[in-house]
Amino acid sequence: QKEVEQNSGPLSVPEGAIASLNCTYSDRGSQSFFWYRQYSGKSPELIMFIYSNGDKEDGRFTAQLNKASQYVSLLIRDSQPSDSATYLCAVNLPLSGNTPLVFGKGTRLSVIA
Amino acid sequence: DGGITQSPKYLFRKEGQNVTLSCEQNLNHDAMYWYRQDPGQGLRLIYYSQIVNDFQKGDIAEGYSVSREKKESFPLTVTSAQKNPTAFYLCASSKDTDTQYFGPGTRLTVL
Numbered sequence: 140q141k142e143v144e145q146n147s148g149p150l151s152v153p154e155g156a157i158a159s160l161n162c163t164y165s166d167r168g169s170q171s172f173f174w175y176r177q178y179s180g181k182s183p184e185l186i187m188f189i190y191s192n193g194d195k196e197d198g199r200f201t202a203q204l205n206k207a208s209q210y211v212s213l214l215i216r217d218s219q220p221s222d223s224a225t226y227l228c229a230v231n232l233p234l235s236g237n238t239p240l241v242f243g244k245g246t247r248l249s250v251i252a
Numbered sequence: 569d570g571g572i573t574q575s576p577k578y579l580f581r582k583e584g585q586n587v588t589l590s591c592e593q594n595l596n597h598d599a600m601y602w603y604r605q606d607p608g609q610g611l612r613l614i615y616y617s618q619i620v621n622d623f624q625k626g627d628i629a630e631g632y633s634v635s636r637e638k639k640e641s642f643p644l645t646v647t648s649a650q651k652n653p654t655a656f657y658l659c660a661s662s663k664d665t666d667t668q669y670f671g672p673g674t675r676l677t678v679l
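Protein sequence lines correspond, in order, to chains B and S.
Residue numbering for the first sequence follows the numbering used here, starting at 140 and increasing by one per position.
Residue numbering for the second sequence follows the numbering used here, starting at 569 and increasing by one per position.
Simulated from the structure, these hints should not be mistaken for laboratory data.
Where hints are given, some of them may not hold.
In silico DSBU-like links for lysine-lysine, alpha-carbon gap of 30 Å or less [to be verified]:
| no. | chain 1 | residue 1 | chain 2 | residue 2 |
| --- | --- | --- | --- | --- |
| 1 | S | Lys-663 | B | Lys-244 |
| 2 | S | Lys-663 | S | Lys-582 |
| 3 | B | Lys-195 | B | Lys-206 |
| 4 | B | Lys-195 | S | Lys-663 |
| 5 | B | Lys-181 | S | Lys-625 |
| 6 | B | Lys-181 | B | Lys-195 |
| 7 | S | Lys-577 | S | Lys-663 |
| 8 | S | Lys-651 | B | Lys-181 |
| 9 | B | Lys-195 | S | Lys-582 |
| 10 | B | Lys-244 | B | Lys-206 |
| 11 | S | Lys-625 | S | Lys-639 |
| 12 | S | Lys-651 | S | Lys-582 |
| 13 | B | Lys-206 | S | Lys-663 |
| 14 | B | Lys-206 | S | Lys-639 |
| 15 | S | Lys-577 | B | Lys-181 |
| 16 | S | Lys-663 | B | Lys-181 |
| 17 | S | Lys-663 | S | Lys-625 |
| 18 | S | Lys-651 | B | Lys-206 |
| 19 | B | Lys-181 | S | Lys-582 |
| 20 | S | Lys-663 | S | Lys-639 |
| 21 | S | Lys-577 | B | Lys-244 |
| 22 | S | Lys-638 | B | Lys-181 |
| 23 | S | Lys-663 | S | Lys-638 |
| 24 | S | Lys-582 | S | Lys-625 |
Using the sequences provided together with the hints, build the complete structure.
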């Protein structure tokens, strides 16, 4: 069973639309959830983290966490072509011991001008 | 400026050669990590270290070695035993086992 799953995409949205990226995880004890953005040929950069159920907003980005359903989402409002990148979800898996974050394989987002 | 540096940015290796990738951080982070990323693929954990003089294997440690003699430094050696080393190598660090911050990466190519 994969521990952190993301749809690989590509997810194509028109400029100005809302992009919705989803991530599911297997460990019910997970407490920390992260979204990273990775442009082609570059290293991942942290966009947001969320620890509590509900929504967390930062500018055009909103992270949504639902621990009961074991999913975390990233919404990007007013999508811009510069948002075109691969988005990585990362989760801590405490039932696996004191181990590093587990990363999903990422969803490729393409914002069409 | 605080951050994570990796060198070199590009590295070319001949068959049978060992090469060492550098990773340095001045964030006072305890934990450091090495990942490998192949084109169109996710991150795969090679090794990680949560404290000086200690490190653990990740999912794909075969053909790689590391050391952690100083808190700031976590070099990765790609040995000749690694048969397909061409990839993008990423180093990261974190205060604990939580939020990770990445260096700019080293692109290794086997000639």
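Going down the list of hints, with the structure as the test:
Taken as a hint, the Lys-663(S) and Lys-244(B) pair is honoured in the structure, with Cα atoms around 24 Å apart against an allowance of 30 Å. Simply put, Lys-663(S) and Lys-582(S) have alpha-carbon atoms about 36 Å apart, too far for the 30 Å limit, and the pair is violated. With a CA separation close to 14 Å, the supplied pair Lys-195(B) and Lys-206(B) stays within the 30 Å bound. Between the alpha carbons of Lys-195(B) and Lys-663(S) the distance comes to roughly 22 Å, so the proposed pair stays at or under 30 Å and holds.
Pair hint Lys-181(B) plus Lys-625(S) holds up; C-alpha atoms about 25 Å apart against a cutoff of 30 Å. For the given pair, Lys-181(B) sits about 26 Å from Lys-195(B) by alpha-carbon distance, which is consistent with the 30 Å threshold. A threshold of 30 Å between alpha carbons decides the hint, and for Lys-577(S) with Lys-663(S) the separation of about 25 Å falls inside it, so the pair holds. With a C-alpha separation of about 24 Å, the suggested pairing of Lys-651(S) with Lys-181(B) holds against the 30 Å cut-off.
At most 30 Å may separate the alpha-carbon atoms for a hinted pair to count; Lys-195(B) and Lys-582(S) exceed this at roughly 48 Å. Taking the CA atoms of Lys-244(B) and Lys-206(B), the gap is near 20 Å; set against the 30 Å cutoff, the hint holds. At roughly 18 Å between alpha-carbon atoms, Lys-625(S) and Lys-639(S) fall within 30 Å of each other, so this suggested pair holds. A C-alpha spacing of about 12 Å is found between Lys-651(S) and Lys-582(S), which places the hinted pair at or below 30 Å, so the restraint holds.
For the given pair, Lys-206(B) sits about 24 Å from Lys-663(S) by alpha-carbon distance, which is consistent with the 30 Å threshold. Using a Cα cut-off of 30 Å, the hinted pair Lys-206(B) and Lys-639(S) is violated, with the two alpha carbons roughly 35 Å apart. Only pairs whose Cα atoms come within 30 Å are accepted, and Lys-577(S) paired with Lys-181(B) is accepted, the gap being roughly 11 Å. The hinted pair formed by Lys-663(S) and Lys-181(B) meets the criterion: a straight-line CA distance of about 23 Å does not exceed 30 Å.
Between the alpha carbons of Lys-663(S) and Lys-625(S) the distance comes to roughly 19 Å, so the proposed pair stays at or under 30 Å and holds. Taking the CA atoms of Lys-651(S) and Lys-206(B), the gap is about 41 Å. The hint is violated against a cut of 30 Å. Of the pairs offered as hints, the one joining Lys-181(B) and Lys-582(S) holds, with about 24 Å between alpha carbons and a cut-off of 30 Å not exceeded. For the suggested pair Lys-663(S) and Lys-639(S), the alpha carbons sit about 11 Å apart, so the restraint of at most 30 Å is met.
Between Lys-577(S) and Lys-244(B) the alpha-carbon distance is near 23 Å, which keeps this suggested pair within the 30 Å criterion. Using a Cα cut-off of 30 Å, the hinted pair Lys-638(S) and Lys-181(B) holds, with the two alpha carbons roughly 27 Å apart. With a C-alpha separation of about 15 Å, the suggested pairing of Lys-663(S) with Lys-638(S) holds against the 30 Å cut-off. Simply put, Lys-582(S) and Lys-625(S) have alpha-carbon atoms about 25 Å apart, close enough for the 30 Å limit, and the pair holds.
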